[in-house]
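Q: Okay, here's what each chain looks like letter by letter:
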Amino acid sequence: MDKQQKREIITKRIAQELADGDIVNLGIGMPTMVGDYVPEEIDITLQSENGFLGLGPAPEEGKEDKDLGNAGGQPVTIKPGGSFFDSATSFAIIRGGHVDVTVLGALQVDEKGNLANWMIPGKLVPGMGGAMDLVVGAQQVIVASEHTIKGNPKILKECDLPLTAKEEVNLIVTEMGVIEVTDKGLVLKEINPEFTVAEVQEATEAELTISDQLKEMKVE
Amino acid sequence: MDKQQKREIITKRIAQELADGDIVNLGIGMPTMVGDYVPEEIDITLQSENGFLGLGPAPEEGKEDKDLGNAGGQPVTIKPGGSFFDSATSFAIIRGGHVDVTVLGALQVDEKGNLANWMIPGKLVPGMGGAMDLVVGAQQVIVASEHTIKGNPKILKECDLPLTAKEEVNLIVTEMGVIEVTDKGLVLKEINPEFTVAEVQEATEAELTISDQLKEMKVE
Amino acid sequence: MAEIVSIEAALAEIEDGSKVMIGGFMAIGTPENLIDAMVEREIKDLTVIANDTGIPEQGIGKLIANKQIKKMIATHIGLNPETGRQMNEGELEVELIPQGTLVEQIRAAGAGLGGFLTPTGIGTVVEEGKEKIEVDGEEYLLELPMGAEIALVKAWKADKKGNLVYRKSARNFNPPMAMAADLVIVEAEEIVEVGEIDPDQVMTPAAFVDLIIGGEE
Amino acid sequence: MAEIVSIEAALAEIEDGSKVMIGGFMAIGTPENLIDAMVEREIKDLTVIANDTGIPEQGIGKLIANKQIKKMIATHIGLNPETGRQMNEGELEVELIPQGTLVEQIRAAGAGLGGFLTPTGIGTVVEEGKEKIEVDGEEYLLELPMGAEIALVKAWKADKKGNLVYRKSARNFNPPMAMAADLVIVEAEEIVEVGEIDPDQVMTPAAFVDLIIGGEE
Numbered sequence: 001m002d003k004q005q006k007r008e009i010i011t012k013r014i015a016q017e018l019a020d021g022d023i024v025n026l027g028i029g030m031p032t033m034v035g036d037y038v039p040e041e042i043d044i045t046l047q048s049e050n051g052f053l054g055l056g057p058a059p060e061e062g063k064e065d066k067d068l069g070n071a072g073g074q075p076v077t078i079k080p081g082g083s084f085f086d087s088a089t090s091f092a093i094i095r096g097g098h099v100d101v102t103v104l105g106a107l108q109v110d111e112k113g114n115l116a117n118w119m120i121p122g123k124l125v126p127g128m129g130g131a132m133d134l135v136v137g138a139q140q141v142i143v144a145s146e147h148t149i150k151g152n153p154k155i156l157k158e159c160d161l162p163l164t165a166k167e168e169v170n171l172i173v174t175e176m177g178v179i180e181v182t183d184k185g186l187v188l189k190e191i192n193p194e195f196t197v198a199e200v201q202e203a204t205e206a207e208l209t210i211s212d213q214l215k216e217m218k219v220e
Numbered sequence: 001m002d003k004q005q006k007r008e009i010i011t012k013r014i015a016q017e018l019a020d021g022d023i024v025n026l027g028i029g030m031p032t033m034v035g036d037y038v039p040e041e042i043d044i045t046l047q048s049e050n051g052f053l054g055l056g057p058a059p060e061e062g063k064e065d066k067d068l069g070n071a072g073g074q075p076v077t078i079k080p081g082g083s084f085f086d087s088a089t090s091f092a093i094i095r096g097g098h099v100d101v102t103v104l105g106a107l108q109v110d111e112k113g114n115l116a117n118w119m120i121p122g123k124l125v126p127g128m129g130g131a132m133d134l135v136v137g138a139q140q141v142i143v144a145s146e147h148t149i150k151g152n153p154k155i156l157k158e159c160d161l162p163l164t165a166k167e168e169v170n171l172i173v174t175e176m177g178v179i180e181v182t183d184k185g186l187v188l189k190e191i192n193p194e195f196t197v198a199e200v201q202e203a204t205e206a207e208l209t210i211s212d213q214l215k216e217m218k219v220e
Numbered sequence: 001m002a003e004i005v006s007i008e009a010a011l012a013e014i015e016d017g018s019k020v021m022i023g024g025f026m027a028i029g030t031p032e033n034l035i036d037a038m039v040e041r042e043i044k045d046l047t048v049i050a051n052d053t054g055i056p057e058q059g060i061g062k063l064i065a066n067k068q069i070k071k072m073i074a075t076h077i078g079l080n081p082e083t084g085r086q087m088n089e090g091e092l093e094v095e096l097i098p099q100g101t102l103v104e105q106i107r108a109a110g111a112g113l114g115g116f117l118t119p120t121g122i123g124t125v126v127e128e129g130k131e132k133i134e135v136d137g138e139e140y141l142l143e144l145p146m147g148a149e150i151a152l153v154k155a156w157k158a159d160k161k162g163n164l165v166y167r168k169s170a171r172n173f174n175p176p177m178a179m180a181a182d183l184v185i186v187e188a189e190e191i192v193e194v195g196e197i198d199p200d201q202v203m204t205p206a207a208f209v210d211l212i213i214g215g216e217e
Numbered sequence: 001m002a003e004i005v006s007i008e009a010a011l012a013e014i015e016d017g018s019k020v021m022i023g024g025f026m027a028i029g030t031p032e033n034l035i036d037a038m039v040e041r042e043i044k045d046l047t048v049i050a051n052d053t054g055i056p057e058q059g060i061g062k063l064i065a066n067k068q069i070k071k072m073i074a075t076h077i078g079l080n081p082e083t084g085r086q087m088n089e090g091e092l093e094v095e096l097i098p099q100g101t102l103v104e105q106i107r108a109a110g111a112g113l114g115g116f117l118t119p120t121g122i123g124t125v126v127e128e129g130k131e132k133i134e135v136d137g138e139e140y141l142l143e144l145p146m147g148a149e150i151a152l153v154k155a156w157k158a159d160k161k162g163n164l165v166y167r168k169s170a171r172n173f174n175p176p177m178a179m180a181a182d183l184v185i186v187e188a189e190e191i192v193e194v195g196e197i198d199p200d201q202v203m204t205p206a207a208f209v210d211l212i213i214g215g216e217e
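Chains as they are written, first to last, in the numbering used here: chain A, 1 to 220; chain B, 1 to 220; chain C, 1 to 217; chain D, 1 to 217.
Among the clues, some could well be false.
Straight-line Cα separation of at most 30 Å, BS3-like style, residue types lysine-lysine; simulated pairs [unchecked claim]:
| id | chain 1 | residue 1 | chain 2 | residue 2 |
| --- | --- | --- | --- | --- |
| 1 | A | 66 | D | 19 |
| 2 | D | 157 | A | 123 |
| 3 | A | 123 | D | 160 |
| 4 | B | 189 | B | 6 |
| 5 | B | 66 | C | 44 |
| 6 | D | 157 | A | 66 |
| 7 | B | 66 | C | 157 |
| 8 | C | 130 | B | 157 |
| 9 | A | 123 | A | 112 |
| 10 | C | 157 | B | 123 |
| 11 | C | 160 | A | 63 |
| 12 | A | 157 | D | 67 |
| 13 | D | 132 | B | 166 |
| 14 | B | 123 | B | 3 |
| 15 | A | 166 | D | 130 |
| 16 | D | 19 | A | 150 |
| 17 | D | 71 | A | 123 |
| 18 | D | 160 | A | 66 |
| 19 | A | 166 | A | 150 |
| 20 | C | 44 | B | 166 |
| 21 | A | 215 | A | 166 |
| 22 | B | 66 | C | 130 |
| 23 | D | 132 | D | 157 |
| 24 | B | 66 | C | 19 |
| 25 | B | 12 | B | 63 |
| 26 | A | 112 | D | 132 |
| 27 | D | 157 | A | 63 |
| 28 | D | 132 | B | 66 |
| 29 | B | 150 | B | 218 |
| 30 | D | 70 | C | 132 |
Since the hints were derived computationally from the structure, they do not count as laboratory data.
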């Protein structure tokens with residue numbers, strides 16, 4: 001499976017988590033792809049933390065609006081029924097629990113639902129942007145991540161990078177499966193049939209409980 | 001001097017305190033009259049704590065707008081250049097120090113600049129409305145008050161009614177004179193020539209320092 | 001995202017004993033049709049959060065007159081003598097809060113804040129029972145968020161998704177309340193199609209709104 | 001109430017070493033003409049508060065490239081590698097703050113609050129050195145207000161009194177910053193007559209605005 005295939009599996013599976021009417025914030029990078037796979041009959045609204053609801057796709061070339069971009073500064077559009085607001089209101093929406101689902105990438109995530117995704121000391125210090133508020137505020141926090149990085153597990157017993165938030169992650173979706181964060185640790189709920197349970201556990205530092213109702217992870 | 005004459009002297013004198021460009025909030029009752037006496041060449045903007053800047057006079061009869069009232073719920077108008085906002089923004093303006101002057105009535109005011117104007121326990125409990133925020137937030141707090149009530153002083157050594165705010169009053173204007181609240185107590189800066197200094201002091205429970213530059217209180 | 005419902009369906013969500021915040025300021029910008037329906041249905045023992053209790057026959061004054069409120073949380077009740085009478089007779093509990101504090105408490109609830117520090121009320125009875133915190137040599141009161149089960153909001157226009165626009169001074173407490181309740185019910189004077197409200201002019205985004213009842217009777 | 005001035009007159013108010021907040025988000029809604037003028041005048045040793053440092057040749061990126069900033073307070077600097085380079089070399093001090101916290105700190109300064117309690121940052125390095133306060137069994141960080149000497153704000157339209165309207169996602173940090181500085185300087189794309197902006201559509205009331213420079217070059 002190449003990187004692109006992994007990302008497709010992950011984001012397609014996450015798209016299934018979204019329900020009609022949901023307000024969703026998608027992080028920069030892979031999470032953005034989730035938006036492409038939402039079934040047509042499901043009407044979700046994307047929140048953009050720089051200040052609007054109703055984030056639409058990139059405009060045709062030449063139709064960019066200098067005053068309309070996503071949180072990465074890239075030109076986007078707004079869908080009918082969207083609204084603009086200032087950053088204080090944007091984070092009132094986010095921190096106040098009015099975002100139903102946020103999907104973010106991870107450097108590390110652990111069995112308590114701790115997430116590290118904003119810095120590697122001495123190496124990469126981009127800043128947390130809106131991630132800390134999103135992870136604390138959203139009703140449901142879904143991590144979209146490849147299962148390992150350079151062969152090393154990203155799903156750990158305990159994160160050792162600086163945290164983005166403590167015990168806030170609800171669901172981890174990787175190319176290997178779907179893992180729920182529970183009071184009793186990580187529960188493998190779905191598995192990609194290309195892998196065995198043993199393989200998934202081996203690629204995971206934290207101990208996985210295997211769900212009684214372990215299902216096949218289906219995309220498309 | 002009858003009540004009406006007193007109120008006219010007080011509010012005309014306070015109108016002289018306002019400077020071009022000032023944002024001003026006038027309390028319900030006598031303070032409202034201050035707006036009528038602002039010289040034409042002085043452009044002030046009235047803030048209405050229920051949510052707008054640019055408070056204008058009452059509309060002609062029949063031209064009332066059900067959606068436009070002052071903080072007492074009475075029909076008013078808005079002047080060109082005014083703006084509407086919600087109550088949270090209104091009190092961001094007030095508490096944040098963006099109102100230059102507020103003029104309020106008093107039940108009692110004392111030599112430390114304490115003000116009591118929102119309740120008489122067991123008798124009158126209307127609520128503080130926006131007064132506590134206004135007195136704390138406005139740059140300049142001016143009390144508009146008759147000097148005495150039923151022959152008893154209202155300017156006391158120490159208020160005994162529940163306070164509206166502690167040590168926030170800057171200026172007290174009565175029909176007898178203009179009194180500044182300073183670190184060293186109350187300073188009589190202007191006196192209405194119809195009274196003697198002795199008479200003013202006698203009508204005042206707190207001790208007055210008489211300004212070296214005591215001036216005649218002039219209206220019109 | 002909102003749903004357009006009948007006034008009966010909206011009212012079915014409000015039970016005896018509910019905690020309800022109601023927009024408006026001296027009966028300007030108050031959802032009068034929702035209040036009339038509450039009076040008709042005789043919903044009782046309410047805790048109501050609002051700026052004021054209106055005047056006797058208008059706005060929240062109607063709920064006061066009909067004795068449907070057990071506890072009133074407001075900033076000012078002076079223009080409705082019946083509220084004072086019920087309070088003095090012990091029929092109605094009244095909690096008075098400075099206006100800037102009340103609206104900020106409501107906003108804090110909607111914005112996911114655990115509280116805020118305000119200078120308002122220092123040295124007055126308002127500070128009783130509250131934590132005082134000093135910041136940079138200044139004393140502040142720690143005020144806590146105030147949410148409710150239900151918010152009744154009056155809008156001028158709502159689109160079918162729930163984006164709201166208010167008109168003139170009828171805005172007042174409505175936008176912060178629309179953020180701060182589990183269920184937000186909007187009475188709109190006019191319901192328009194999605195797309196008819198310029199996204200730059202939306203005052204309450206649809207994300208906050210649950211139910212809309214529409215059209216003036 | 002605002003005054004319309006030349007860009008030179010506006011810039012005269014900004015000194016070496018000033019603390020300046022600058023609106024915009026990834027160079028959308030940033031007052032580029034004011035920044036260009038700051039670059040030209042070589043105003044140095046600035047403390048800048050902004051969401052980000054733009055990209056190398058846009059927005060605040062220009063001030064970074066020209067090494068005019070001594071301390072940067074921002075939420076994200078990842079899209080401008082030069083900021084990271086200067087930080088790593090010790091040429092630039094960078095303080096990183098969660099976005100929702102930064103904007104709320106700015107709002108608190110403008111709104112006269114002494115601080116607020118947020119759940120954001122609990123259990124992370126953000127909590128270091130901050131007071132923790134428990135409310136209803138939940139832990140919060142006490143975050144303090146953040147004002148500045150000067151705010152540079154980008155508006156779409158300003159009327160001659162200083163009422164502002166922003167356009168689309170260029171609004172972002174501009175309205176809260178317009179509340180939070182001793183001197184608020186607005187770069188407006190268009191300056192219109194008083195009365196041309198509907199009072200219901202004003203996004204920043206004139207009470208907050210001091211100086212306006214206008215018209216795109």
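Q: Please go over all the hints and tell whether each is borne out by the structure.
A: Structure-based check of each hint:
| no. | hint | in the structure |
| --- | --- | --- |
| 1 | A:66 <-> D:19 | holds (28 Å) |
| 2 | D:157 <-> A:123 | violated (42 Å) |
| 3 | A:123 <-> D:160 | violated (49 Å) |
| 4 | B:189 <-> B:6 | holds (18 Å) |
| 5 | B:66 <-> C:44 | holds (29 Å) |
| 6 | D:157 <-> A:66 | holds (15 Å) |
| 7 | B:66 <-> C:157 | holds (15 Å) |
| 8 | C:130 <-> B:157 | holds (28 Å) |
| 9 | A:123 <-> A:112 | holds (25 Å) |
| 10 | C:157 <-> B:123 | violated (42 Å) |
| 11 | C:160 <-> A:63 | holds (28 Å) |
| 12 | A:157 <-> D:67 | violated (43 Å) |
| 13 | D:132 <-> B:166 | holds (29 Å) |
| 14 | B:123 <-> B:3 | holds (23 Å) |
| 15 | A:166 <-> D:130 | holds (17 Å) |
| 16 | D:19 <-> A:150 | violated (44 Å) |
| 17 | D:71 <-> A:123 | holds (20 Å) |
| 18 | D:160 <-> A:66 | holds (25 Å) |
| 19 | A:166 <-> A:150 | holds (25 Å) |
| 20 | C:44 <-> B:166 | violated (39 Å) |
| 21 | A:215 <-> A:166 | holds (28 Å) |
| 22 | B:66 <-> C:130 | violated (39 Å) |
| 23 | D:132 <-> D:157 | violated (42 Å) |
| 24 | B:66 <-> C:19 | holds (28 Å) |
| 25 | B:12 <-> B:63 | holds (29 Å) |
| 26 | A:112 <-> D:132 | holds (22 Å) |
| 27 | D:157 <-> A:63 | holds (22 Å) |
| 28 | D:132 <-> B:66 | violated (46 Å) |
| 29 | B:150 <-> B:218 | holds (25 Å) |
| 30 | D:70 <-> C:132 | violated (35 Å) |
Figure legend: structure checked against the earlier numbered hints; hints not met, in rising order: 2, 3, 10, 12, 16, 20, 22, 23, 28 and 30.
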